[in-house]
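With chain A's structure known, arrange chains B and C with the ligands on it following the hints.
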Amino acid sequence: MTFEIRDIHKSFAGTEVLKGVSLSLEKGEFIALLGPSGSGKTTLLNIVAGLAHADSGSLVFDGEDITRQPAGQRHFGMVFQSYALFRHMTVAQNIGFGLKVMKGGPSRAEIDRRVAELLEMIELPGLADRFPAQLSGGQRQRVAMARALAIRPRLLLMDEPFSALDAQVRVSLRSEVRALQRRAGVGAIMVTHDRAEADALADRIAIMDQGRIVTIETPEQVA
Amino acid sequence: MARILLILLATLFLALMVVLPVVAIFHRAFAEGWGTYLASILDPETLAAIRLTVIAALIVLPLNIVFGVASAWVIARYRFPGRRALLVLVELPFAVSPIVAGLCFLLIYGAYGPVGAALEPFGVQLMFNLTGIVLVSLFVTCPFVMREILPVLMVTGEDEEKAALTLGANGWQIFRHVVLPNISWGLAYGTVLTMARAMGEFGAVSVVSGAIRGQTMTLPLQIELLYNDYNATGAFAAATVLTGLALVTLALRGLLERFGPRRAH
Amino acid sequence: MRAARPAPHILPGFSLSLGISVLFLCLIVLLPISGLLWQLGGLGWSDYLQVMGSERVLTALRVTVTAAAAATLVNGVFGLILAWVLSRYRFAGRGVLDALVDLPFALPTAVAGIALVALYDKSGWVGGLLDHLGLQVAYTWWGIVIAMIFTSIPFAVRAIQPAIEELDAAEEAAALTLGASPSQRFRLVILRPLLPSILTGVGLSFVRSLGEFGAVIFIAGNLPYKTEIASLLILIRLDEFDYPAAAAIAGTLMAASLLLLAAINIAQTRLQAYLRTEA
Ligand SMILES: Nc1ncnc2c1ncn2[C@@H]1O[C@H](COP(=O)(O)OP(=O)(O)OP(=O)(O)O)[C@@H](O)[C@H]1O
Ligand SMILES: [Mg+2]
Numbered sequence: 001m002t003f004e005i006r007d008i009h010k011s012f013a014g015t016e017v018l019k020g021v022s023l024s025l026e027k028g029e030f031i032a033l034l035g036p037s038g039s040g041k042t043t044l045l046n047i048v049a050g051l052a053h054a055d056s057g058s059l060v061f062d063g064e065d066i067t068r069q070p071a072g073q074r075h076f077g078m079v080f081q082s083y084a085l086f087r088h089m090t091v092a093q094n095i096g097f098g099l100k101v102m103k104g105g106p107s108r109a110e111i112d113r114r115v116a117e118l119l120e121m122i123e124l125p126g127l128a129d130r131f132p133a134q135l136s137g138g139q140r141q142r143v144a145m146a147r148a149l150a151i152r153p154r155l156l157l158m159d160e161p162f163s164a165l166d167a168q169v170r171v172s173l174r175s176e177v178r179a180l181q182r183r184a185g186v187g188a189i190m191v192t193h194d195r196a197e198a199d200a201l202a203d204r205i206a207i208m209d210q211g212r213i214v215t216i217e218t219p220e221q222v223a
Numbered sequence: 001m002a003r004i005l006l007i008l009l010a011t012l013f014l015a016l017m018v019v020l021p022v023v024a025i026f027h028r029a030f031a032e033g034w035g036t037y038l039a040s041i042l043d044p045e046t047l048a049a050i051r052l053t054v055i056a057a058l059i060v061l062p063l064n065i066v067f068g069v070a071s072a073w074v075i076a077r078y079r080f081p082g083r084r085a086l087l088v089l090v091e092l093p094f095a096v097s098p099i100v101a102g103l104c105f106l107l108i109y110g111a112y113g114p115v116g117a118a119l120e121p122f123g124v125q126l127m128f129n130l131t132g133i134v135l136v137s138l139f140v141t142c143p144f145v146m147r148e149i150l151p152v153l154m155v156t157g158e159d160e161e162k163a164a165l166t167l168g169a170n171g172w173q174i175f176r177h178v179v180l181p182n183i184s185w186g187l188a189y190g191t192v193l194t195m196a197r198a199m200g201e202f203g204a205v206s207v208v209s210g211a212i213r214g215q216t217m218t219l220p221l222q223i224e225l226l227y228n229d230y231n232a233t234g235a236f237a238a239a240t241v242l243t244g245l246a247l248v249t250l251a252l253r254g255l256l257e258r259f260g261p262r263r264a265h
Numbered sequence: 001m002r003a004a005r006p007a008p009h010i011l012p013g014f015s016l017s018l019g020i021s022v023l024f025l026c027l028i029v030l031l032p033i034s035g036l037l038w039q040l041g042g043l044g045w046s047d048y049l050q051v052m053g054s055e056r057v058l059t060a061l062r063v064t065v066t067a068a069a070a071a072t073l074v075n076g077v078f079g080l081i082l083a084w085v086l087s088r089y090r091f092a093g094r095g096v097l098d099a100l101v102d103l104p105f106a107l108p109t110a111v112a113g114i115a116l117v118a119l120y121d122k123s124g125w126v127g128g129l130l131d132h133l134g135l136q137v138a139y140t141w142w143g144i145v146i147a148m149i150f151t152s153i154p155f156a157v158r159a160i161q162p163a164i165e166e167l168d169a170a171e172e173a174a175a176l177t178l179g180a181s182p183s184q185r186f187r188l189v190i191l192r193p194l195l196p197s198i199l200t201g202v203g204l205s206f207v208r209s210l211g212e213f214g215a216v217i218f219i220a221g222n223l224p225y226k227t228e229i230a231s232l233l234i235l236i237r238l239d240e241f242d243y244p245a246a247a248a249i250a251g252t253l254m255a256a257s258l259l260l261l262a263a264i265n266i267a268q269t270r271l272q273a274y275l276r277t278e279a
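Residue numbers (the numbering used here), protein chains in the order written: chain A, 1 to 223; chain B, 1 to 265; chain C, 1 to 279.
No lab work stands behind these hints: they were computed from the structure. Incorrect hints may appear among the rest.
Stated by the list, open to error - Lysine to any residue pairs mimicking SDA-like chemistry, simulated, CA-CA at most 20 Å apart:
| no. | chain 1 | residue 1 | chain 2 | residue 2 |
| --- | --- | --- | --- | --- |
| 1 | A | K27 | A | I216 |
| 2 | A | K27 | A | A200 |
| 3 | C | K122 | B | L16 |
| 4 | A | K103 | B | Q173 |
| 5 | A | K103 | A | L59 |
| 6 | A | K27 | A | D166 |
| 7 | A | K103 | B | A232 |
| 8 | A | K19 | A | P36 |
| 9 | C | K226 | C | Q136 |
| 10 | A | K27 | A | D55 |
| 11 | A | K100 | B | Q173 |
| 12 | C | K122 | B | Y230 |
| 13 | A | K100 | B | Y230 |
| 14 | C | K122 | B | F175 |
| 15 | C | K122 | B | A31 |
Source: prediction; values computed, not measured.
Isolated chain A (complex conformation) (with noise of 0.2 Å):
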């Protein structure tokens, strides 16, 4: 699996805050968009997920041409920075809710399955029938991530996942999120504002300002 940003552009109201971003992706590369706020990255990954439209250039997934795929036919696995989850959901049925809507997907019991699986996975077994508002922070960022995975995207792609975390539960999800990802195999393109997290997580950083990637290196090199 290769994935490809092809010169992407984009303006609101007249400003560019995209100005022609490229980068690639190998098989299961992690990959840290790093960057000043206001530096485009949001927006780079909301057009990679299919959330809002580019002005002119191309996404290419695998050799064919994804620019215009509407966001659900993507399958690439999205973690918001609010987490997003569905505060009418049970945490069960949030994590299994894009099997419920897949067409032709799974049954009722394999989901079962599939979901007891993902609770194991991020350690919440016993806290399937909880909303969402009765968990805390760290379990609601394992959910959302949990809820992203069960799809198996081709593409995992996480904005700021843990901005809303104190740095304790930060640093020891750090190393969850990452063991999550290599098992399940995708590729992930995760913002963040945090220099050492993008360190200690990535494979390679890229760091943009105003628009523009200026450079994409191994943490070793940028570091």
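Coordinates of chains B and C with the ligands only, in the frame set by chain A:
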């Protein structure tokens, strides 16, 4: 002390202006005892009026719900030219008085109006019957559902819907599983308001109903008829039905505010 | 570079929900109102002036406007008091008072109408009392005012209440320590910032009163040239199949309401901006 004085003044005002009239309704309705009260309610004409009122409300409700949800959704979630105009138009019926509203419908959909005249050769008559009652009721209740849902949609934001989208849900699935549970309280309250208003509308309905006894009389019109017929007990008995509906509406609002999610301002 | 055609919306359902909204609004709001405009359009200025200039119409308008103004005055004062009491004080029964404020809004107007007559008629509890004092409310201009107070009080209270809840208690306390007298305190720290919302409340109450029908006609007496309101006159003209006259009066009422609402809107924004720059 100012505090006590003000509370007293407020209580007195509401007691005199609001409570007393409502008490008077029940007092008059039961003035001649339970037997007369029941007989008045069970009068065939009054029952027919109740039936027509309920039927009209049951037609108005689903239409208004569909419109309310659609318009709230489109205003909350998209930016498009004409969005503000749409918002103004939805709210416009609040600014139009009942008789004027009824007249507007008569002038366009009545036999002498352009639409009414065009439909007449086909034997379609829109005014002075159930259709007319439904149409004006839709007008006067137009903003109710939308007004309750719009703030909820604004406050909840679209993150959950976008998450559902990335998980592969289609439009209907997003609506059914994500949007509907989020707006359910607002929808319920808007529905109750619509229902109460549709069943209680007087001015606009009286213009277009045709007021045929036992046929196109809604309950408020029947109340007027009985009252003008010097059948005060009958009028007040019928009025207790609508008063009960109003009290239930208020009670539901109270319950919603106490037990439902905090409403957005 | 720009995309050739506008990018489709991300969330599904735009065309469907816009289509439903536009269709509904066209059939239920836009078309009927254009029906009124169409009828008015067929009416020349001279016809219009002739209808509106007749003694009966002028009296009806005067009765409607003066009664609405009187009711609005009362609602401005009591609306402020009620809103203040409901948002500032916690006391047993507050919840009941709060719910009662909405009762006139929830109660069908025809029901309110007969209830008010029952009360203010000579045989009623209040009417009987007033009769002893030689006063008559039912079937007079005062009856119209009472009915208008009843139906529009919720609008005044609910417009003012949020503004009081947002009033800065710290500012009030500061005024107190600065040695402002109670009346100064009331005017400067309370009344001034509330002015925009009082204006809205009073305006909504007035517009509502102008168009009120059901609650009024039972208690009004409906004597031409005396206690006949504009809405009723529209209905009478309609029953006479005098559509142009009905449309002329209705168009005038509607234009007045819309202009008033627009003016309130603009005045409120201006006032808020002005108060902010002053602060
Ligand atoms: N919907 C929008 N409309 C107009 N401008 C927008 C919109 N979304 C983003 N922008 C602008 O685009 C620029 C990039 O925003 P973006 O959210 O991508 O930044 P970011 O790098 O994610 O910042 P942060 O680190 O603060 O999250 C900003 O200047 C922002 O104001
Ligand atoms: Mg961002």
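Do the hints match the structure? See the list:
1. For the hint pairing K27 (chain A) with I216 (chain A), the CA-to-CA distance comes to about 17 Å; that is within 20 Å, so the pair holds.
2. For the given pair, K27 (chain A) sits about 19 Å from A200 (chain A) by alpha-carbon distance, which is consistent with the 20 Å threshold.
3. Distance restraint check for K122 (chain C) and L16 (chain B): the Cα-Cα separation of roughly 17 Å lies within the 20 Å cut-off, and the hinted pair is therefore satisfied.
4. Straight-line distance between C-alpha atoms of K103 (chain A) and Q173 (chain B) comes to about 11 Å, which keeps the hinted pair within the 20 Å bound.
5. Straight-line distance between C-alpha atoms of K103 (chain A) and L59 (chain A) comes to about 24 Å, which puts the hinted pair past the 20 Å bound.
6. Distance restraint check for K27 (chain A) and D166 (chain A): the Cα-Cα separation of roughly 31 Å exceeds the 20 Å cut-off, and the hinted pair is therefore not satisfied.
7. Taking the CA atoms of K103 (chain A) and A232 (chain B), the gap is near 63 Å; set against the 20 Å cutoff, the hint is violated.
8. Simply put, K19 (chain A) and P36 (chain A) have alpha-carbon atoms about 16 Å apart, close enough for the 20 Å limit, and the pair holds.
9. Restraint check for K226 (chain C) and Q136 (chain C): the C-alpha separation of about 15 Å stays at or below 20 Å, so the hint holds.
10. The straight-line distance between the Cα atoms of K27 (chain A) and D55 (chain A) is roughly 27 Å, outside the 20 Å bound, and the hint therefore fails.
11. Distance hint between K100 (chain A) and Q173 (chain B) is fulfilled; the C-alpha atoms sit about 10 Å from each other, no more than 20 Å.
12. For the hint linking K122 (chain C) to Y230 (chain B), the alpha-carbon distance of about 16 Å falls within 20 Å, and the restraint holds.
13. At roughly 64 Å between alpha-carbon atoms, K100 (chain A) and Y230 (chain B) are farther apart than 20 Å, so this suggested pair is violated.
14. A hinted pair counts as satisfied when its Cα atoms are at most 20 Å apart, and K122 (chain C) with F175 (chain B) does not qualify at roughly 57 Å.
15. For the hint pairing K122 (chain C) with A31 (chain B), the CA-to-CA distance comes to about 17 Å; that is within 20 Å, so the pair holds.
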